[in-house]
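K.L.:
Top to bottom, those sequences are chains A and B. Position 365, counted from 1, in the first sequence is what UniProt numbering calls 365; the numbers after and before it change by one each time, with no gaps. Position 710, counted from 1, in the second sequence is what UniProt numbering calls 710; the numbers after and before it change by one each time, with no gaps.
Check before you lean on any hint, since a few could be wrong.
[Claimed, not checked] Calculated pairs, EDC-like style, for lysine to aspartate or glutamate (alpha carbon to alpha carbon, straight line, at most 20 Å):
| id | chain 1 | residue 1 | chain 2 | residue 2 |
| --- | --- | --- | --- | --- |
| 1 | A | Lys370 | B | Glu178 |
| 2 | A | Lys370 | B | Glu484 |
| 3 | B | Lys129 | B | Asp108 |
| 4 | B | Lys740 | A | Asp276 |
| 5 | A | Lys201 | A | Glu153 |
| 6 | B | Lys740 | A | Glu340 |
| 7 | B | Lys495 | B | Glu484 |
| 8 | B | Lys197 | B | Asp210 |
| 9 | A | Lys186 | A | Glu153 |
| 10 | A | Lys65 | B | Glu695 |
| 11 | A | Lys65 | B | Glu708 |
| 12 | A | Lys219 | A | Asp276 |
| 13 | B | Lys740 | B | Glu773 |
| 14 | B | Lys740 | A | Glu336 |
| 15 | B | Lys129 | B | Glu148 |
| 16 | B | Lys740 | A | Asp339 |
| 17 | B | Lys740 | A | Glu343 |
By construction, these hints were calculated from the structure, which means they are not laboratory data.
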Amino acid sequence: MIRLLHTADWQIGKPFGQFEPDEAVLLSEARFLAVERLAMLATEHQVDAVLVAGDVFDAQTVADKTLHRLFNALAGFPGPWVMIPGNHDAALAESVWRRAERLDALPANLHLCLRPEPLHLEAANLVVLPAPLTQRHTYQDLTDWFDLAATPEGALRIGLAHGSVEGILIEAIDSPNPIALDRADKARLDYLALGDWHGAKRIDARSWYAGTPEPDRFKANDAGRALLVELDAPGIEPRVTQLETGRYRWRQETRTLRVASDLDALLEWLGALGGDDVVALILEGSLDLAAHRRLEIALGQARGRARSLRVDTQALRLEPTVEDLDALAADGYVGEVIDELREQQGGSDGAVARDALALLAGLLDERREKRA
Amino acid sequence: MRLSKLRVEQFKQFRSGIELDHLDPGLNLFTGPNEAGKSTLVAAIRAAFFERHRSSNVDDLRPWGESGVAPTVMLEFELDGRFYRLTKSFLARKRCELLIDGERFEGDDAEERIKDLLGFQQPSRGASKAEHWGIPGLLWIRQGDAQEIRPAVEHATDQLRGALERSLGEVAASGGDELISRVEALRLELLTAATGKPRGEFERALKQRDALSTQLAELDEQISRYRQRVDELARLRAEHQRDQREAPSRALRERLEAAEDQLRQAHERQRRLADERLRAGQIEARIRLLRERLESFAAQRLAVDERRQALTLSTQALASANAELIAWRGRLEQVDRARRLSRDQLRQARQQASRAQLTQRIERLDDELDQRQRRLVQVETAGQRARQLTELRGSNAIEASEVEALRAEQARLRELEIERRAAATLLDFTLDEHGRIELDGEALEGQGERRLLGPATLRLPGLGVLRIIPGGANLSSLGARHRELSELHAERLAKLGVDSLHRAEACLVEQRELDSEARALEATLAALAPAGVEALREECAARRQERETLIRTLAELTTEAREPALDIAAVEAEDERLDGELREVDQALRQAQLRASRAQVQCDIDERELATAQAALEAPERTARLDAGHREEAEANAELATQLARIEALERKLEADQPDIIAQDVERLKRSVQQHERRFAERREAMTRLEVELESLGAQGLEERRAELARDLAQLTRRCDELERRARALDLLLERLRDKRQRLTQRLQAPLVHHLERYLRLLLPEARLELDEGLAPVSLTRPGAHGVEHGDFDQLSFGAREQMGVISRLAYADLLKEAGRPTLLILDDALVHADESRLAQMKRVLFDAATRHQLLIFSCHPEAWADLGVAERRIPDLVHAGQGASTRY
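Please work from the sequences and hints to get the whole structure.
P.N.:
Encoded structure:
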């Protein structure tokens with residue numbers, strides 16, 4: 001039985017611009033750690049080869065240090081690594097791969113397929129048919145040649161490609177780098193290892209997207225996996241097992257605050273956030289000042305715990321109650337200003353009014369504390 | 001607050017002290033001349049309250065020139081029903097003591113209490129300044145400060161506002177101003193106060209963001225260039241590989257070689273064609289020569305005919321020319337004869353004319369000669385007379401002046417004689433009949449008288465001699481002068497050769513007549529012979545000679561005169577005509593001769609040429625040569641035909657070859673090969689260059705850097721957005737707060753405005769004074785001549801501002817009083833700029849105010865305040881006894 005570890009879309013060097021620099025650094029770092037985990041998993045499961053279906057790098061021109069670091073991360077698995085370039089790291093006339101060659105960064109156990117030529121791994125008696133991207137985008141199916149590729153009798157035929165399987169992925173409509181839906185069938189492949197789609201996804205019994213081993217966006221699509229593929233013999237359907245490889249949990253959450261218990265639930269949810277959570281929280285509805293203070297405190301605490309917590313409060317209104325105002329001792333014209341701002345929250349520049357109101361409340365609060 | 005007593009000691013000019021006692025709870029008027037110490041009293045009150053007793057900056061309180069003194073002020077006043085006594089000493093003895101209803105406070109404690117009580121502050125160190133003075137600073141008007149109200153109000157704003165808010169109760173927001181200033185401060189962290197432009201951190205963030213986004217754009221540009229180059233490299237490689245595989249340059253080279261071969265062949269043919277054409281040309285030339293020879297043979301026969309014909313013609317011409325010649329000769333003879341005849345006639349006519357002329361001339365000469373000879377005789381006669389005259393004249397020439405002198409001398413002599421006779425001694429004698437006397441030898445008898453002009457001797461016969469000498473020198477001098485003049489006269493007469501004046505005058509008349517005649521003669525001579533007698537004589541001679549010559553000439557004339565006389569003009573005209581004709585005929589004759597000789601020459605030439613031509617035609621070898629010529633021509637023609645055929649064949653071939661096109665092909669292919677090779681080389685170079693470039697660019701990690709930059713930019717953008725949101729929120733908040741506060745202020749000011757209007761009605765009915773937010777008067781509105789006038793407070797006249805300043809303070813005092821604050825008003829020489837009517841109104845105002853407040857008025861114009869309704873107190877009267885003694889001014 002042959003075992004393969006199928007992975008893709010490492011996107012090494014990916015920036016995380018929407019995050020604070022310290023968070024972004026950790027998220028970038030996590031991608032190297034994911035590769036190291038993959039190597040460990042490969043060793044652990046005693047696979048015959050690791051197939052990497054493109055987009056190893058997020059960009060062509062990454063720093064030398066990044067390059068070395070990535071290839072060093074492969075050291076945990078001494079067996080063969082088979083890689084093809086994807087659209088982010090296509091084998092152009094000058095590419096990250098050429099640089100890696102020049103820098104002598106490529107380890108000996110790495111089989112880099114820059115040309116569409118069969119790669120025969122004799123130890124496992126399997127032939128990898130690679131469809132490397134030599135342009136950033138192509139509108140022809142680079143896996144066409146698999147159909148006619150001759151392989152030794154008895155050897156497993158494994159396809160390795162990067163692109164959009166036609167007709168399956170909604171986002172892939174009219175997208176470049178197309179791959180025929182029935183490629184595995186037509187080319188008599190025992191397994192087609194696909195890359196480009198960041199979630200783990202089964203196309204058919206022999207065709208799978210592995211997804212990225214470490215999530216990199218707020219999209220619940222089974223990212224953070226690698227596939228363990230077990231092949232008994234040519235012609236027999238493979239067994240595919242999903243392995244967890246991701247560390248960070250990316251979540252996007254929208255909460256509407258209407259009644260007091262909504263806030264309680266939210267606070268509880270926030271309380272549960274941990275160091276591996278990367279969260280985008282959208283808040284709607286309205287709050288009184290006391291609740292707003294509680295929320296601010298809770299958000300502050302959660303930010304300290306979560307890897308990243310971004311909160312969008314554009315659609316959140318402040319509704320100070322009579323008690324709030326009493327507590328703030330906002331009498332006279334200051335009280336009138338509060339009333340005006342509160343009303344204005346519903347208007348065209350509502351967010352500004354809300355901010356102004358929050359600011360005023362904060363100042364009044366501050367003053368009250370000082371007096372007390 | 002009611003001040004009841006003030007005592008000052010060792011304070012400025014009050015060395016020994018002054019005391020104001022029993023102060024009125026309302027109006028108090030203190031007067032005194034300048035330097036009396038009014039302002040010093042005010043200063044004492046201020047020092048007692050404002051200056052710390054410990055202060056070392058109060059040297060100015062010391063009397064001049066004294067050290068070691070302790071200026072001291074003691075005040076007693078009542079406030080809120082309690083009695084206060086404040087005693088403060090400075091410098092030498094620093095002390096402060098405050099009694100409140102008998103309870104005693106000292107030092108700083110006392111000062112603190114006073115400060116809070118009156119609503120002012122004290123400096124932590126140094127002298128007290130205006131900003132510390134608060135309410136007293138506003139209500140205690142210093143000399144010349146009444147119109148300067150704004151700073152004083154600013155320093156008391158808090159207290160005033162406090163008073164207003166207290167009166168309004170809950171309307172104001174608690175700590176609203178503090179809140180506003182807090183918001184302002186927060187806003188100022190992000191935006192400039194005036195224009196609301198980003199500043200500080202916000203501005204930095206925006207700039208940084210812009211800088212980053214520029215950097216990012218640059219990096220993007222670089223990356224884009226990098227990608228283009230990668231694509232370029234891929235394209236070059238593909239082309240390079242295709243060239244290597246397909247080797248198009250080799251095919252091109254083969255085609256080039258083939259074309260070059262073709263071109264060489266075509267060139268060879270062209271050369272041959274040129275050779276053949278040259279040969280054909282040579283043959284053609286030979287044929288041309290042969291034909292010319294044959295033609296020359298034919299021409300010989302023709303030439304003989306031509307010559308003969310020419311000879312016939314020239315012979316005919318000769319004959320006609322000769323005939324013409326003979327005719328012209330005859331004509332010439334004819335004309336010549338006629339002309340000779342006419343010549344003869346002409347000569348005769350001319351001689352005839354000359355004779356007539358000569359005769360005429362001789363006649364005229366005769367006349368002239370005759371005339372001149374007559375004149376000559378006249379001239380000579382006149383000349384003789386003239387000579388006579390000259391002679392006459394020359395013998396007795398007497399000048400008119402001489403005659404005049406003679407006349408004068410004679411007149412003088414007569415006068416002298418008369419004088420002498422008058423002066424002479426008269427000898428009147430009457431002698432006896434026989435008496436005889438002798439006077440100077442003259443015997444005198446009878447009766448008579450004699451005038452004795454000089455000494456005389458009178459002989460009296462028988463008696464002796466009487467010697468009479470006339471008296472007086474005059475007579476003798478007269479005698480001398482008479483003598484002298486007589487001598488002179490005689491001399492002159494002698495010189496003129498006359499014996500008397502009469503004679504001289506006669507001579508002068510005669511002489512004048514002669515002169516007149518001579519002048520007439522001269523005129524006659526000038527008329528007869530203007531050029532002189534000699535000239536006249538010569539004229540006569542010349543004419544006589546000419547006459548002789550002419551007579552001789554006339555005698556020489558051969559022809560006789562004949563009748564009738566020939567008409568010379570007609571004869572001359574005929575002669576001239578004949579002369580012309582002769583010349584014409586002669587000319588024609590000469591032409592005819594010329595023609596005849598030319599015709600003769602032509603005739604000779606034609607004859608000779610005819611002979612030559614005939615000789616040639618009859619030469620013996622001519623026939624043989626003619627035959628040979630015909631034969632040669634035929635041969636050459638045949639040869640030419642063959643040659644032309646060859647040329648045509650060659651041309652056809654060359655036309656098919658199109659060597660120029662082949663040459664172009666060669667050039668084109670050659671260039672193509674070169675281009676191809678160059679392109680190949682260039683591409684190889686470009687590839688190498690690109691590879692190197694991309695290697696180095698790739699090593700820069702452009703996209704990773706871009707990623708970092710993009711991340712930083714995104715973060716900064718978020719930051720900017722946050723700051724902007726905050727700024728906008730602060731803006732909004734501030735705007736709202738200020739707006740509300742503004743409205744509130746207006747409401748707040750209402751009570752103050754009410755007080756102001758009470759006074760203003762007294763001073764300027766219907767006027768309105770607007771206040772700014774700081775409660776200071778800002779503008780005045782009143783009915784004017786042209787409707788409502790509205791003006792800035794600062795633009796008002798000094799006097800008006802002063803008055804407004806005072807009533808504003810009174811209004812503040814009312815306000816403070818209502819709020820339970822102590823009020824004491826001090827006017828030090830205020831309102832000095834008010835006119836009489838305004839001052840009268842102000843007095844009403846002050847009197848009204850004094851019903852609510854205590855007022856201390858200091859003035860150096862007691863008469864101006866006489867109707868204030870309060871007794872003045874003269875400061876000099878209040879000074880302690882002995883003051884004058886210790887004052888050292």
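K.L.:
Which of the numbered hints above does this structure break?
P.N.:
Those not satisfied are hints 2, 4 and 5.
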